[in-house]
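Student: The task is simple: from the sequences and hints, build the whole structure.
Line order of the protein sequences matches chains A and B. Residue 282 is where the first sequence starts when you use this note's numbering, and the numbers rise one by one after that. Residue 282 is where the second sequence starts when you use this note's numbering, and the numbers rise one by one after that.
Certain hints may be false.
No copy labels: a pair is met if it fits in one copy or bridges any two.
To be verified - Derived pair list, reagent style DSSO-like, types lysine-lysine, alpha-carbon separation capped at 30 Å:
#1 550 / 615
#2 465 / 319
#3 556 / 430
#4 628 / 615
#5 319 / 409
#6 657 / 615
Note that these hints are calculated values from the structure, not bench results. Please read these numbers as outputs of a predicted model, since none were measured by experiment.
Residue strings, one per chain:
2 protein chains.
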Amino acid sequence: MIEQPSRHRVVIVGGGFGGLYAAKVLGRAPVDVTLVDKRNFHLFQPLLYQIATGTLSPAQISSPLRSILSRYRNTQVLMEHAIDLDATAQHVVTPNRCIPYDTLIVATGVHHHYFGNEEWQQTAPGLKTVEDALEMRRRIFMAFEMAEKEPDPEKRKAMLTFVVVGGGPTGVELAGAIAELAFKTLKDDFRNIDIQQTQVLLLEGLDRVLPPYAADLSEKTARSLQRLGVTIRTQTRVIHVDESGVTVQQGDRTEPIPSRTVLWAAGVKASRMGKVLAERTGAALDRVGRVMVDSDLSVPGHPNIFVVGDLAHFAHQGENPLPGVAPVATQEGKYVAQKITAQLAGKTVAPFRYREVGSLAVIGQNAAVVDLGFVKFSGPLAWFIWIFAHIYYLIEFDNKMVVLLQWGWNYFTRQRGARLITGSETIVSEPPIAEVEQPEVARDRVSVNAS
Amino acid sequence: MIEQPSRHRVVIVGGGFGGLYAAKVLGRAPVDVTLVDKRNFHLFQPLLYQIATGTLSPAQISSPLRSILSRYRNTQVLMEHAIDLDATAQHVVTPNRCIPYDTLIVATGVHHHYFGNEEWQQTAPGLKTVEDALEMRRRIFMAFEMAEKEPDPEKRKAMLTFVVVGGGPTGVELAGAIAELAFKTLKDDFRNIDIQQTQVLLLEGLDRVLPPYAADLSEKTARSLQRLGVTIRTQTRVIHVDESGVTVQQGDRTEPIPSRTVLWAAGVKASRMGKVLAERTGAALDRVGRVMVDSDLSVPGHPNIFVVGDLAHFAHQGENPLPGVAPVATQEGKYVAQKITAQLAGKTVAPFRYREVGSLAVIGQNAAVVDLGFVKFSGPLAWFIWIFAHIYYLIEFDNKMVVLLQWGWNYFTRQRGARLITGSETIVSEPPIAEVEQPEVARDRVSVNAS
Numbered sequence: 282m283i284e285q286p287s288r289h290r291v292v293i294v295g296g297g298f299g300g301l302y303a304a305k306v307l308g309r310a311p312v313d314v315t316l317v318d319k320r321n322f323h324l325f326q327p328l329l330y331q332i333a334t335g336t337l338s339p340a341q342i343s344s345p346l347r348s349i350l351s352r353y354r355n356t357q358v359l360m361e362h363a364i365d366l367d368a369t370a371q372h373v374v375t376p377n378r379c380i381p382y383d384t385l386i387v388a389t390g391v392h393h394h395y396f397g398n399e400e401w402q403q404t405a406p407g408l409k410t411v412e413d414a415l416e417m418r419r420r421i422f423m424a425f426e427m428a429e430k431e432p433d434p435e436k437r438k439a440m441l442t443f444v445v446v447g448g449g450p451t452g453v454e455l456a457g458a459i460a461e462l463a464f465k466t467l468k469d470d471f472r473n474i475d476i477q478q479t480q481v482l483l484l485e486g487l488d489r490v491l492p493p494y495a496a497d498l499s500e501k502t503a504r505s506l507q508r509l510g511v512t513i514r515t516q517t518r519v520i521h522v523d524e525s526g527v528t529v530q531q532g533d534r535t536e537p538i539p540s541r542t543v544l545w546a547a548g549v550k551a552s553r554m555g556k557v558l559a560e561r562t563g564a565a566l567d568r569v570g571r572v573m574v575d576s577d578l579s580v581p582g583h584p585n586i587f588v589v590g591d592l593a594h595f596a597h598q599g600e601n602p603l604p605g606v607a608p609v610a611t612q613e614g615k616y617v618a619q620k621i622t623a624q625l626a627g628k629t630v631a632p633f634r635y636r637e638v639g640s641l642a643v644i645g646q647n648a649a650v651v652d653l654g655f656v657k658f659s660g661p662l663a664w665f666i667w668i669f670a671h672i673y674y675l676i677e678f679d680n681k682m683v684v685l686l687q688w689g690w691n692y693f694t695r696q697r698g699a700r701l702i703t704g705s706e707t708i709v710s711e712p713p714i715a716e717v718e719q720p721e722v723a724r725d726r727v728s729v730n731a732s
Numbered sequence: 282m283i284e285q286p287s288r289h290r291v292v293i294v295g296g297g298f299g300g301l302y303a304a305k306v307l308g309r310a311p312v313d314v315t316l317v318d319k320r321n322f323h324l325f326q327p328l329l330y331q332i333a334t335g336t337l338s339p340a341q342i343s344s345p346l347r348s349i350l351s352r353y354r355n356t357q358v359l360m361e362h363a364i365d366l367d368a369t370a371q372h373v374v375t376p377n378r379c380i381p382y383d384t385l386i387v388a389t390g391v392h393h394h395y396f397g398n399e400e401w402q403q404t405a406p407g408l409k410t411v412e413d414a415l416e417m418r419r420r421i422f423m424a425f426e427m428a429e430k431e432p433d434p435e436k437r438k439a440m441l442t443f444v445v446v447g448g449g450p451t452g453v454e455l456a457g458a459i460a461e462l463a464f465k466t467l468k469d470d471f472r473n474i475d476i477q478q479t480q481v482l483l484l485e486g487l488d489r490v491l492p493p494y495a496a497d498l499s500e501k502t503a504r505s506l507q508r509l510g511v512t513i514r515t516q517t518r519v520i521h522v523d524e525s526g527v528t529v530q531q532g533d534r535t536e537p538i539p540s541r542t543v544l545w546a547a548g549v550k551a552s553r554m555g556k557v558l559a560e561r562t563g564a565a566l567d568r569v570g571r572v573m574v575d576s577d578l579s580v581p582g583h584p585n586i587f588v589v590g591d592l593a594h595f596a597h598q599g600e601n602p603l604p605g606v607a608p609v610a611t612q613e614g615k616y617v618a619q620k621i622t623a624q625l626a627g628k629t630v631a632p633f634r635y636r637e638v639g640s641l642a643v644i645g646q647n648a649a650v651v652d653l654g655f656v657k658f659s660g661p662l663a664w665f666i667w668i669f670a671h672i673y674y675l676i677e678f679d680n681k682m683v684v685l686l687q688w689g690w691n692y693f694t695r696q697r698g699a700r701l702i703t704g705s706e707t708i709v710s711e712p713p714i715a716e717v718e719q720p721e722v723a724r725d726r727v728s729v730n731a732s
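Tutor: Written out as structure tokens, the structure is:
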């Protein structure tokens with residue numbers, strides 16, 4: 282279907298950090314590259330929580346894959362959903378075609394994980410896609426709108442209670458942003474509710490927030506969050522989620538927390554391609570479905586199939602596997618691209634080693650924590666480092682200077698421009714006039730004047 | 282349910298230009314104001330086409346109603362859907378409550394109109410809401426993605442044919458923006474299609490585009506559109522729309538035009554509140570359902586009910602009713618607010634008169650037409666006037682300087698950042714691996730290695 286090219290064909294599945302950086306390096310190599318992604322854009326996932334809380338718009342943290350890669354004439358982008366592969370015939374399968382490869386790079390990442398309670402997803406959305414973030418945004422802003430109209434104090438309290446499940450970086454950033462929203466941005470906007478009554482709860486199963494970070498940074502983070510108005514509950518496991526809220530367990534004690542807005546930042550599991558690789562290549566998977574890779578990121582026994590980014594379980598450096606963060610994916614993608622190029626030139630390449638670039642999390646305006654390995658700090662300086670590290674990545678693709686200006690604007694005004702409640706569920710269908718049932722409370726006062 | 286206040290209660294239904302400007306003026310008056318809108322934001326509708334074509338993000342042309350009005354302590358915003366009213370008991374009805382008024386301002390605008398073929402809406406979406414614009418954006422960018430993968434030249438041609446129905450300002454702006462997109466922004470982004478083969482057709486039933494403007498501006502507009510690559514067909518009526526494209530009639534001749542993307546910019550009809558007003562007050566409606574108002578914008582026989590904006594048919598100035606554009610709605614909203622304030626102070630007020638501020642339409646970069654009544658011109662100067670007129674309105678609410686910077690950026694780079702294909706239809710559900718049917722073309726080559 283696609284003609285046999287004379288050059289080595291590399292197929293990359295997934296246009297996140299791992300796949301995209303592999304493509305950028307291979308764009309200058311003597312190979313033909315096909316990047317397959319079911320979406321037409323690269324998403325800067327670390328900033329998704331800023332969409333969910335109304336600071337940025339989706340387009341401000343997304344770049345069209347075609348436009349990022351258009352300068353590389355050896356590269357084509359296919360908007361297709363890879364659903365299978367054949368490791369013997371060497372092609373990737375999509376619903377519409379087979380895409381032959383000489384070398385394959387799989388970089389399809391991870392999804393949320395509800396630890397076997399996938400039905401919680403309806404009530405407690407996670408944060409992996411633009412649609413997820415817009416759904417969170419809709420729920421957060423809708424909760425305040427509903428509370429403003431709710432006469433029953435019990436129900437109103439549940440509407441003003443926001444539960445964030447999971448005290449990792451995403452949970453910390455979400456909880457901090459919601460607290461800032463309620464206590465700063467929206468403070469003058471409502472007439473019937475006392476928005477200072479808003480509760481933002483951050484639930485973490487382990488004994489501190491940001492468990493992968495150093496203990497003193499966890500403590501600084503906790504103090505910053507508390508200053509913003511977030512209530513932190515550690516060693517607290519969520520054992521049930523439904524429309525009325527969450528039930529938590531702390532030691533032997535269980536307790537219901539009524540809430541209309543439960544946000545999930547607790548766990549991930551591998552995307553489907555992990556299972557496909559296991560079925561088609563015999564690759565081993567870890568507990569959450571990530572692919573156990575060799576020290577060069579290839580699948581054992583398949584030297585021309587690589588896995589990079591969150592989907593890879595790289596156990597050849599340190600005690601734990603490398604974490605699922607953007608710098609790891611980026612370095613892995615670049616490494617594999619360089620390895621492919623070197624191999625074609627007949628050179629050998631040392632195993633992959635991740636160079637630590639540090640961890641960042643932002644808690645709120647002027648508050649962040651930075652762990653660079655040799656130094657850890659927090660406060661406004663950490664916040665500025667966080668801002669510039671993110672802008673650096675954003676502008677590398679698409680010169681998104683506008684995001685910097687947007688942040689600058691928000692910083693000084695404390696406003697958030699992206700507070701739209703959108704989506705099909707917000708559009709009410711209109712009954713024909715004759716069918717309109719007037720609310721009970723008013724019926725006695727109504728005398729319809731149907732002239 | 283809501284306690285009887287001592288002050289005069291004004292209820293405004295609709296937070297578009299008419300309702301919002303009325304609220305801003307009444308915010309300083311000795312009255313209690315309730316603004317009811319089913320959405321939580323004011324939308325700058327004249328720029329919706331820039332969302333549909335990937336230049337701006339929804340939040341960049343939307344402002345939260347609460348934040349615009351939060352400084353007016355006499356004003357509350359209710360996110361509710363007004364579905365009925367009782368003119369005798371004097372309250373507005375929503376699914377959840379009755380909202381009593383002393384004076385009512387109805388400003389609920391208009392919808393698309395398919396001239397009795399409402400089933401065309403599925404195939405040919407219109408452009409009135411943020412969701413409409415995102416759906417248009419999805420279809421436009423998806424059409425290019427599908428064409429890139431389509432081997433059949435007939436089908437590919439239909440995918441690269443964009444039909445805009447209606448040669449008014451919205452149709453002209455949409456067609457110009459799609460042509461710029463195809464021939465400038467996307468020109469290096471595809472590998473399998475010749476994007477120069479893209480066809481952008483603008484269909485108009487009358488004998489020229491922009492029929493309400495002066496004839497020489499129509500001609501300049503047509504020439505500018507043609508320079509951008511738009512094919513204009515006047516005196517051409519659409520008689521059928523379906524998945525395969527449109528059928529047009531020109532004189533006695535009918536002709537099918539295969540197209541996968543048909544966009545509707547042809548007609549409007551009044552929103553539901555027009556019919557409600559007719560039923561409940563006996564108001565007369567015009568052909569498209571707009572309310573015939575008195576010279577002070579009140580409903581005849583109901584001096585405390587006003588209709589402003591696109592929903593009002595104001596026939597007391599000139600031969601035709603005032604057009605459904607933002608400046609008319611804005612002036613009407615302000616007038617009614619001033620009239621209410623004056624009446625409460627015992628003063629009389631002269632009938633409403635619209636002060637002409639001119640008409641603007643943008644055709645593409647550096648190309649626009651301006652008709653200020655006493656002077657008409659086109660070209661780059663008109664384009665700059667268009668930019669600044671729009672920025673002036675945008676910053677009045679929300680200081681959206683970022684939009685100006687975004688435009689500046691796009692102007693110099695010819696890029697468009699908001700090219701995301703989003704929405705639930707773009708997310709493919711994943712079949713379990715065992716069920717995956719491999720495409721026919723490859724089946725013979727596949728030997729599944731299910732280890």
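Student: Each of the hints needs a verdict: does it hold here or not?
Tutor: Each hint tested on the structure:
no., hint, verdict
1, 550 / 615, "within (24 Å within a copy, 56 Å between copies)"
2, 465 / 319, "between (38 Å within a copy, 25 Å between copies)"
3, 556 / 430, "between (47 Å within a copy, 27 Å between copies)"
4, 628 / 615, "within (16 Å within a copy, 75 Å between copies)"
5, 319 / 409, "both (14 Å within a copy, 29 Å between copies)"
6, 657 / 615, "within (27 Å within a copy, 57 Å between copies)"
Of the numbered hints stated above, none is contradicted by the structure.
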